[in-house]
Each structure stands twice: as structure tokens, then as C-alpha cells.
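Student: Protein sequence lines correspond, in order, to chains A and B.
Okay, so the first sequence: first residue is 19 according to our numbering, each after it adds one.
Okay, so the second sequence: first residue is 23 according to our numbering, each after it adds one.
Simulated from the structure, these hints should not be mistaken for lab results.
As the structure is a computational prediction, the values presented were derived from the model and not from experiment.
Note that beta-carbon positions come from the ideal geometry of N, C-alpha and C, so glycine has one too.
Among these hints, one or two may not hold up.
To be verified - No farther apart than 27 Å at their CA atoms in a straight line, the calculated lysine-lysine pairs in the DSS-like style are these: (1) B/Lys219 to A/Lys66; (2) B/Lys216 to A/Lys67; (3) B/Lys216 to A/Lys495; (4) B/Lys248 to A/Lys397; (5) A/Lys372 to B/Lys179; (6) B/Lys74 to A/Lys372.
To be verified - Pairwise CB distance ranges (calculated): (7) A/Ser385 to B/Gln188: 28 to 36 Å; (8) A/Leu73 to B/Trp47: 58 to 66 Å; (9) A/Ser371 to B/Gln188: 22 to 30 Å; (10) B/Trp47 to A/Lys67: 53 to 61 Å; (11) B/Arg40 to A/Gly624: 47 to 55 Å; (12) B/Asp102 to A/Glu581: 36 to 44 Å; (13) B/Thr253 to A/Gly438: 35 to 43 Å; (14) A/Leu174 to B/Asp102: 50 to 58 Å.
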Amino acid sequence: MMNLLPTLAEPEHFAFWETGLFVALAGASTYGFWRRFGPILSKILQSKKDPDFHLFPIGKRAWDFVWEVLLQAKVIRERPLAGVAHALVFWAFCAFALVTLNHCAVILGVGFLDPAGRVGQLYFDFAAIFAVGCAVGILGLFVRRFLVRPRWLGELSWGSGLVALLIFALMATYLAAFFVTAPSGAVQALWWAHTLTLLAFLPLIPHTKHLHLVLSPFTVFLSRGEFAHIPPLSGDEDFGLVAGKDLTQLLSLQAYSCVECGRCMEHCPANATGKQLNPKEIVLGLRGYLNEFGPGSEEPLLGKYNTQEAAFECTTCGACEFQCPVGIEHVPILVGLRRGAVNTGVWENDYGSKLFLALERGSNALSMAAAERDKFVEKQALPIFDGTQEYCLWLGCMGAYDPQGREIVLALVRVMRHLGASFGVLRKEKCTGDSVRRLGNDLLFQQLAEANLEAMAQNRVKKIITICPHCVRTIQKDWKEFGTPPEVEHHSEFLARFASQLPSAQNEKTIVFHDPCYLGRYRGVYEEPRQVAALAGDLVEAPRSHERSFCCGAGGGLAFLGEEKGERVSKVRAEELAATGAGVVAAACPFCNTMLRDALAARGEGAPELLDIAQLVARGLPKGSAE
Amino acid sequence: MKIVVAIKQVPDRDAPVRIAADAKWIEERELQWAMNEPDAYALEEALQLKEKHGGEVIVLSAGPERVGSTIREALAKGADRAIHIVCDDLNARDALGVARLLAAAIRPENPDLVLTGLQSEDLGLGQTGVILAELLGLPHATLILHVEKTDAGLKVKRELEEGWFQSIEMPLPAVLTMQSGGNKLRYATLMGIKRAKTKELRVVNAAELGVEAAAVVTLEQISAPKKQKSTQILGGSAKEAVAALVEKLKTEARVL
Chain A
19 MMNLLPTLAE PEHFAFWETG LFVALAGAST YGFWRRFGPI LSKILQSKKD PDFHLFPIGK
79 RAWDFVWEVL LQAKVIRERP LAGVAHALVF WAFCAFALVT LNHCAVILGV GFLDPAGRVG
139 QLYFDFAAIF AVGCAVGILG LFVRRFLVRP RWLGELSWGS GLVALLIFAL MATYLAAFFV
199 TAPSGAVQAL WWAHTLTLLA FLPLIPHTKH LHLVLSPFTV FLSRGEFAHI PPLSGDEDFG
259 LVAGKDLTQL LSLQAYSCVE CGRCMEHCPA NATGKQLNPK EIVLGLRGYL NEFGPGSEEP
319 LLGKYNTQEA AFECTTCGAC EFQCPVGIEH VPILVGLRRG AVNTGVWEND YGSKLFLALE
379 RGSNALSMAA AERDKFVEKQ ALPIFDGTQE YCLWLGCMGA YDPQGREIVL ALVRVMRHLG
439 ASFGVLRKEK CTGDSVRRLG NDLLFQQLAE ANLEAMAQNR VKKIITICPH CVRTIQKDWK
499 EFGTPPEVEH HSEFLARFAS QLPSAQNEKT IVFHDPCYLG RYRGVYEEPR QVAALAGDLV
559 EAPRSHERSF CCGAGGGLAF LGEEKGERVS KVRAEELAAT GAGVVAAACP FCNTMLRDAL
619 AARGEGAPEL LDIAQLVARG LPKGSAE
Chain B
23 MKIVVAIKQV PDRDAPVRIA ADAKWIEERE LQWAMNEPDA YALEEALQLK EKHGGEVIVL
83 SAGPERVGST IREALAKGAD RAIHIVCDDL NARDALGVAR LLAAAIRPEN PDLVLTGLQS
143 EDLGLGQTGV ILAELLGLPH ATLILHVEKT DAGLKVKREL EEGWFQSIEM PLPAVLTMQS
203 GGNKLRYATL MGIKRAKTKE LRVVNAAELG VEAAAVVTLE QISAPKKQKS TQILGGSAKE
263 AVAALVEKLK TEARVL
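If we strip away everything but chain A, and leave its shape as in the complex, we get (with noise of 0.2 Å):
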């Protein structure tokens, strides 16, 4: 039976020479592992502690684990084909470590598998599967590196050359070992060549992006593990990432794992429209400042390696750190850039200044008079939350001021009127502080967000529902910085849950929606718009939607700092629904709406209607009910 099964050669004998020599090989590799791994593996524990970090509850780090590093789950779901490449070398690195000691233990003369054992065999084998699969794989991933070549893995590395060539010399040294019998010059040879290789590669490992074959595992565990979160600053020297010493144990950690593999890049809509932002290069950029400045240095953060200019084009949609396979946070490094410039008053931006002294001084993000807001609910006679009502409808400040936003608050309240659902409208509201919190300026933040945690304990506001995702994520995630905020729900949630009871009014027009990142990437809600706006007609996809939607370009304070650098990333979101064919562009945003309204306009005749998936669902209420 045991013969039936292929058997590795193990060379039986090795001269007193040979045993030295290896010795002395393998500790010259190690040396060149740990004199570049040493130096980094310092500076990531001499960054300073996380403030917010807890390694409680496990749960959810010990399941990304398994999830994402194990099972490569998001490697090979966000990119099928090289993923499953990716997969099949870290899967037979996983199979060959019990392989490599034994292998090297073979030398030393305490060699724990044998091949010619029922165990041993059975292993080698089953690794053998694992380096067919590595070879196949490797060869894959040289080809699309060195033939094919996508723009986001930047410029051609002859360092990944060759460790896919040394990896694909480790499997065929392995396999081939399979070929030959003991004792022979051949099975020696192959010894000393998958040896060889081996050491080669070790030193290779810190000297190239392949250290996050080191550090990645780590990095994903100890992740924050909340999307895009931003942590609170700590104590009264914490204006944000400033210098060196504000970069954390975690954010280093992060630096020195980014794998170069340009998913960030390729997903994001400032690198895709001609802008200098590319996250790829924000965090080599820390990693290069780490090397040459190293933690705790005074040297601002924005200057050699990056850009003010960069870090104040993100729009924080979130795509690169949804995207990314090693667990990089790139929303809280680049907020927390703009945090240092922004908190020490080293941004200097005419808009942007602008937002800031009419938050300081009024209550809205449009620079309107809060007056108008009055006037508005006075005339649409809209009830006041007096806290005997179910929902409080937060209008915010594109609900109350931006008439596109008016429009749609006005849509859902014929819908909740037509559902029975009591609700009122708060008599003043400031701002959430949504776009000041990612633009970074803690200090309007957290007057905005206290102020208005105030007023909900005042009025006794216990379930908010509001049309803008954006408003919805600061209220539940942001506020918790400073207090218990209500419950918070999105109209999409609620207009689903009640889909039964809400008319269906079929149109001929097809209709693509639009996921926006605050609903979508920040808040996992993908089906229930899309239920939502299905009442009105068949629904067609965009080629980017649910995770992989392309942001509207609103997001991160940057619809208020005025016209962007290259192209209008509206824009090209906009040419990409409207090649879809589909009759309306439906959103569940009223940032979203207000971008897309003018990148359609821009298109002229023919544009598809833009509504949102209340007032798609408003249209086919009975006319007259519930006015």
C-alpha cells in the first residue's frame, strides 16, 4: 500500500563539512534577517502605545484571523484570480513549515519526519499537493507582475523578481526530491539547493515588501477592527498625527506591513481623477519617514514624505481600507493627518477657514441662517419632537437648507405619514459636525457634537431618523466620544422595514442606485435602498456598486472646499451610471444627490433622472394622501 504513495528522498548521510557549513550559512542569513527585521521591529515598539487600543473582546480579532490570514477570504473576494494565486503560495508556506524544520533539522541529525514512516509520508505528500499548487500559483502572480502589470503595483520591482523565482526554486527543489532515490549525489544536490534558496530567502524578507509575510498576521489581529474609525486624542499634548511621536505602535505596525499590492490606489477616486493623492504612498510615506526620522522624531509628518495637498483630497470613502488585504487603517491615518494640520492651525485654506468660522459662529455646515430652517419647517408645517413621538427626523444641514435636501425630507414625511409613523423635527439643530470631524478640527467637533448630545437628552430624543448616511455615522460612532448618543437609523432602513405596506409603483425606466460610502462601506447597508427603490421599477447595477461603489466625491468636508484638481470625481461617477441605460439614477444620499445632480446636468439631454429612493417611493403614493 505504502509504495503505491510517492516518497521524498532524504539524503542519509551529511559530512562533518557539510554540517558546518550550514550551520555557518544559516546563521549568516538570520544575521541578514535580523539586522534590517531588528531595527524595524524597534521602531514599530518604540511608536507610542495605542491610547484606545483593547486586545478584549478576542472574539472578533481571533475570527478576522482565521477569516482573512488563514483563509485569505478577502484576498481572493476582492480580487478572484490573483487572490486565489496569493492563496495557494500562503497556504503551501503554511504546509511547509513543519516541512522546513524537519528539513533543516535533517542536518543537525534530529530530522522528526520520517519520509519512509506512515506519518512522514503521509505529510510530505500532502505538502506536495500544497507546492504544486505554490509553484502554479507563483508563476501566476510573476506573470500578471512582470507581463501584465496593472498600473497600481507601481514600478516594476526586480526584488519580487526574484523571490518568485527563489519561491518557485523551493517547491521544484521539493517536488523534484520526489523523483530521486537515496543515498545519491542527486538527492544531496537537491538538499543543498532548497537549502540554499531557503537562506537566500530569509534575509530577502525584511529588505523587501515580502515582510508582511512577517508582520501582516499581526497587523490584521491587532487591528482597531471598527471600519475607519477614528480614535479619540489623548491627554493635552494630542493635536493628531503631527510628528514622528504621534505615530502609534499600531500605525507603524501598519507602515512597515503594506504589501505594495495597489488596491487602495486602484479603488480611489482622488488617484483615479488625476489628483496627488494615492494611499499607497501615504503609508510608504510613513514607512520612509519612520526609516529615516524614526518615532518620537519632531519632524512634521507632512513634508518629505507627504503632502498637505495629498492628505486634504481624501474624501474618506473608505475604499483602499475597506480594500486592503494586510489590515492598513487608511480613513484614521489620513483624518489623523489632517487633524495635525488642522488642530495646530497649520492648514491654511480659504474654504476651508470658511466652513470652520461659520460652524464656530452659526449652526450649519451651508453658512445659512438658522432662520431659514425655521421658515422652512413653519411652512411645511412639519411637527415638532416634543419626546412623546417615535422617531425624531433629523433634518440636517442639507435636509434644512439645501433645497434638493428639503425635497427629499418632504418626500419621506409624506411616506411616514402615509405609514402612521408619529415623528418631529427638533425647533434647532447645529450641525453634526460630520465634515469638521474628518476635515480634523477636533476642537469645532466636539463643541457641535456636545451641544447637540445636549439638546437630545433635553428632548428626550431616544430613535433618530435621518436621510443623510453621513449624519447617521457621526451621530452613532463619533458622538460616542463625548456621550450616549440616540439611536440612529438611516431612511433606507426604516422605509425597508416597512416595504410591505408601501405602495408599489412600477415604471417602465429602469433604476441604478447609487451606494453611498457613509451607507454602504461605513455601515454595511447594501439591500435595504436597493429593496426600497425596487418598489419602483427593475433594478440594473453599476459595474462598481454595493462595497466596491465609487464615491460621489461630497465626503470628507471636500464638498466644501471648492472645485477639485483634474477631473470631477461626480463626474465620472455620474458617466458610470448613466452608461448603465438605466432611467434613473436613484441615491439614498443628499450629498450624493447634490453631486450627482450636477454631473448629470453637465450631460444635458438625455441624462437619467436622479431622485431619491424616498421620493421614488413618494411618487406612488396615492395623490393627495397623507398631505
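Let chain A serve as the given structure and place chain B on it in line with the hints.
Tutor: Just chain B now, kept in the frame of chain A:
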């Protein structure tokens, strides 16, 4: 250059203004307060002068305890220290009375330059700065948009009517009342607020300054302006109507 900036705290633009029961003043409860805008520009000019020429910026404000928040804002934006003249009866004092308070606090400081807004957003009298100059015995200029330090003293840009400007050279020390819009205001920062906590804030009681409170001007009554809308329909041919409209925009609305 040692610069004193006199600032006033006024009701925030978005604050709901209600007339008090005695119709002498507005209801102050539930109001939000902010720095008088022209004073914010005075502060900005002072900070820029300090950044260019060195020296010290001292903010000075008279009013009840609530004024402290505006003083802290000024410190956060970069003023070096502050003097708060505590008086709960600011509204009972006329412009002369307030200027006397400010002058009494300024004299011992012996500043090179005193800046203040040309008027307040609440009363809009435009008097305090000018009276202050008289009390201090210093030359003054009003409606200033920009200040430049020269060897001899100052060169200032003054706003006139109809988009005209006047350039004046004047000696130091001096008092200037600043117009809004000459500079870009800076936003308050977290670092500024934290640093402000360690800055000196001297509190003086109005009574300690030995200034008489009797007003020569008293406010009899305030009232809300009557809302009025009037619509005119311009007749005639399109050409005539356009000509009439342009004329009205020029002479009545003064937007052209």
C-alpha cells in the same frame, strides 16, 4: 509693538433675539454669544502685526462673566494675555461710559497701538473707539482695512464711500477702529484652546477702575423693524422694463 485689542461680546447672528418685557433691551436668557465681527478683524490685524514685528497682543473686554468665553476664544486665536473688566451693567452704560472703562484699563498698559472694531453688531453706535482715542489723548483713524508699520509710525488703508480708499500715514501710539473684511480670519484650533488655559487672564472689577457709571445717553426703547414687502411691476416693452430695472438696481438697490 504692544497692541491692545478691545473686543465686545454680542448676540450670535443665529440667536433668537426677543425684546425684553420693559422694551429697553433684548431678552438675554437663552442667547448664544459671539465675538463682535469687526473686533474679530481687529484681533486678526493685531495678530498679524505681532507675527511680523514681534511684541504682545493684549485683549480687553468689558461685560459680565459670560464675556469670559469670548476672551478665551481671543486667547486661543493667539492673543498673549487678557484683561476682563467685570461689569454686569454694561447696557446701562453709554458709549462714553464704556470708553471710560476701557481707557482706565488701557492707560497703565501704555500700549503702542489700540485696535477695536469700528462698531458693534448689536448697538452699532460706532462711537466707543473714537471716544476711547479722545480719552487716551491719542490720534485715531476709523474704518481701517489694513495696517502697515513704517519707520515713522503707521500707514493705514481706510475705506471711503463708493469703493474708494484713503491711505493715511500717522504716528504711534494711536487708536484705530477696524472695518470687517480686510483680512482673512483664522479659525480657532484645539492647540490654541489648550495653550490659552495657561495664559494670563486678569479680572478687574469695574468699580475698582474709579469710573463713574452715569450715562449721558440713555436708551429709551427698542423695537423690531416692521416687516414690509413691496412689489413693483415694471411695465412697458422688455427693453424699457430692463432699462428701468437696471436704473433701480443702480440707484435704489445699489447692487450695480
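Student: Given the hint that A/Lys372 pairs with B/Lys179, test it: the Cα-Cα distance must not exceed 27 Å.
Tutor: holds, 24 Å
Student: Quick one: are A/Leu73 and B/Trp47 within 58 to 66 Å, going by C-beta?
Tutor: Since the Cβ atoms of A/Leu73 and B/Trp47 sit about 59 Å apart, the hinted range of 58 to 66 Å holds.
Student: Is the Cα-Cα distance between B/Lys248 and A/Lys397 27 Å or less?
Tutor: holds, 20 Å
Student: If I claimed the Cβ atoms of B/Arg40 and A/Gly624 lie 47 to 55 Å apart, would that claim hold in this structure?
Tutor: holds, 53 Å
Student: For A/Ser371 and B/Gln188, compare the CB-CB distance with the range 22 to 30 Å and indicate the outcome.
Tutor: Cβ of A/Ser371 to Cβ of B/Gln188: about 28 Å, so the range 22 to 30 Å holds.
Student: Is the Cα-Cα distance between B/Lys74 and A/Lys372 27 Å or less?
Tutor: Given pair B/Lys74, A/Lys372 holds - Cα atoms ~24 Å apart, limit 27 Å.
Student: Is it true that B/Thr253 and A/Gly438 lie within 35 to 43 Å of each other by Cβ?
Tutor: Taking Cβ atoms as reference, B/Thr253 and A/Gly438 lie about 41 Å apart, which means the hint holds.
Student: Given a hinted range of 36 to 44 Å, is it respected by the beta-carbon distance of B/Asp102 and A/Glu581?
Tutor: Cβ of B/Asp102 to Cβ of A/Glu581: about 38 Å, so the range 36 to 44 Å holds.
Student: Within a Cα-Cα threshold of 27 Å, do B/Lys216 and A/Lys67 meet the stated pairing?
Tutor: With Cα atoms ~22 Å apart, B/Lys216 and A/Lys67 stay inside 27 Å; holds.
Student: How does the Cβ-Cβ distance of A/Leu174 and B/Asp102 compare with 50 to 58 Å: does it lie in that range?
Tutor: holds, 56 Å
Student: Taking only the CA atoms, is the gap from B/Lys219 to A/Lys66 under or equal to 27 Å?
Tutor: holds, 25 Å
Student: Does the Cβ pair B/Trp47, A/Lys67 satisfy 53 to 61 Å?
Tutor: Cβ of B/Trp47 to Cβ of A/Lys67: about 54 Å, so the range 53 to 61 Å holds.
The structure shown violates none of the earlier numbered hints.
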